[in-house]
Amino acid sequence: MSLIVKIDRYLRHTNMPPTTFGRRAINDPRLVKDLQRGRELRPVTVARVEAFLSGGPA
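Residue numbers for the sequence shown follow our numbering, so the first one is 11 and each next one is one higher.
It is possible that some hints are incorrect.
Cβ pair distances, simulated, as ranges [unchecked claim]:
| # | residue 1 | residue 2 | range |
| --- | --- | --- | --- |
| 1 | R49 | P27 | 25 to 33 angstroms |
| 2 | S64 | R33 | 12 to 20 angstroms |
| 3 | P53 | N25 | 25 to 33 angstroms |
| 4 | Q46 | H23 | 13 to 21 angstroms |
| 5 | V15 | G65 | 15 to 23 angstroms |
Keep in mind that the hints were calculated from the coordinates and are not lab data.
Predicted, not measured: the structure shown is a model, and the values here were computed from it.
Every residue gets a Cβ at the ideal spot worked out from N, C-alpha and C, and that includes glycine.
Work out the full structure: start from the sequences and follow the hints.
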């Protein structure tokens, strides 16, 4: 499953706005919109987002 799909499911489940997610996950409120537009993340950033999604340290 792609990262954007995981994020989308998380947003729907938590009712969290995309900008809040980006700010909390990696301190970037544009994260979700940028990913939808094709932004590629470095592996370390993907790991931070995945950690946030799993409830671990972000």
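Q) Quick one: are P53 and N25 within 25 to 33 angstroms, going by C-beta? A) At roughly 29 angstroms between Cβ atoms, N25 and P53 fall inside 25 to 33 angstroms, so the hint holds.
Q. Is it true that the C-beta distance of S64 to R33 lies inside 12 to 20 angstroms, as the hint says?
A. Holds - the Cβ-Cβ distance for S64 and R33, about 18 angstroms, lies within 12 to 20 angstroms.
Q: Determine whether the Cβ-Cβ distance between V15 and G65 falls within the hinted range of 15 to 23 angstroms.
A: Cβ of V15 to Cβ of G65: about 18 angstroms, so the range 15 to 23 angstroms holds.
Q: Look at the Cβ atoms of R49 and P27 and judge whether their distance stays inside 25 to 33 angstroms.
A: violated (18 angstroms)
Q) Does the Cβ-Cβ separation between Q46 and H23 fall within 13 to 21 angstroms? A) At roughly 18 angstroms between Cβ atoms, H23 and Q46 fall inside 13 to 21 angstroms, so the hint holds.
In terms of the numbered hints stated before, the structure departs from hint 1 and from no other.
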